[in-house]
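Participant: Make the full structure from the sequences, and use the hints.
Numbering (my numbering), first residue to last: 1 to 103.
Keep in mind the hints are simulated off the structure, nothing from the lab.
Hints are not guaranteed to be accurate.
Stated by the list, open to error - Calculated cross-link-like contacts (lysine to any residue; reagent style SDA-like; alpha-carbon spacing at most 20 Å):
#1 Lys66 <-> Gln84
#2 Lys66 <-> Ala87
#3 Lys66 <-> Arg83
#4 Lys66 <-> Leu81
#5 Lys66 <-> Ala55
#6 Lys66 <-> Gly54
#7 Lys66 <-> Gly98
#8 Lys3 <-> Phe13
#9 Lys66 <-> Asn78
Stated by the list, open to error - Pairwise CB distance ranges (calculated):
#10 Gly50 <-> Pro73: 19 to 27 Å
#11 Tyr12 <-> Asn78: 18 to 26 Å
#12 Thr62 <-> Met1: 15 to 23 Å
Idealized CB from N, CA, C, for every residue including glycine.
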Amino acid sequence: MWKFLTAVAVVYFSWRLWHGRRRLPGSPIPAEPRGGPARGSSAEARALLGVSAGADAETVRTAHRKLIARVHPDHGGNAELTRQVNAARDLLLQELEGSSARH
1 MWKFLTAVAV
11 VYFSWRLWHG
21 RRRLPGSPIP
31 AEPRGGPARG
41 SSAEARALLG
51 VSAGADAETV
61 RTAHRKLIAR
71 VHPDHGGNAE
81 LTRQVNAARD
91 LLLQELEGSS
101 ARH
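Facilitator: Put into structure tokens, the structure is as follows:
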């Protein structure tokens, strides 16, 4: 009997490890905590998206599209990482809009 229980435990924990803490379909998406990724630095945002310091808005959008296609929850990705990628894009685009308004 203990072999059976051990096998069930191994399968269960392997499944949890493989699937992570995904939410169940139909359950609400948890609210983003205050001071979340939107408060990160532009250097962190650039590193996350993989763009250089001199990247223009179109480069940021293209990098965002490529990355979001891989990390979106609808494609087997992670909701938290999707939020971080979106926040990085928003931060960089806001900075670019602000710098173009100053010139």
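Participant: State for each hint whether it applies.
Facilitator: Now for the hints, and whether the structure bears them out:
Among the hinted pairs, Lys66 with Gln84 is consistent with the structure: their alpha-carbon atoms are about 14 Å apart, no more than 20 Å. Restraint check for Lys66 and Ala87: the C-alpha separation of about 15 Å stays at or below 20 Å, so the hint holds. Distance restraint check for Lys66 and Arg83: the Cα-Cα separation of roughly 15 Å lies within the 20 Å cut-off, and the hinted pair is therefore satisfied. Between Lys66 and Leu81, the direct Cα distance comes to roughly 14 Å. Compliance with the 20 Å bound is thereby established for this hinted pair.
Taken as a hint, the Lys66 and Ala55 pair is honoured in the structure, with Cα atoms around 15 Å apart against an allowance of 20 Å. Between the alpha carbons of Lys66 and Gly54 the distance comes to roughly 19 Å, so the proposed pair stays at or under 20 Å and holds. Of the supplied pair hints, the one linking Lys66 and Gly98 is violated, its CA atoms being roughly 24 Å apart against a limit of 20 Å. A C-alpha spacing of about 15 Å is found between Lys3 and Phe13, which places the hinted pair at or below 20 Å, so the restraint holds.
At most 20 Å may separate the alpha-carbon atoms for a hinted pair to count; Lys66 and Asn78 meet this at roughly 15 Å. Taken as a hint, the range 19 to 27 Å holds for the pair Gly50 and Pro73, whose Cβ atoms sit roughly 21 Å apart. Look at Tyr12 against Asn78: about 21 Å separates their beta carbons, and that is inside 18 to 26 Å. In this structure the supplied range 15 to 23 Å is violated for Thr62 paired with Met1, their Cβ-Cβ distance being about 57 Å.
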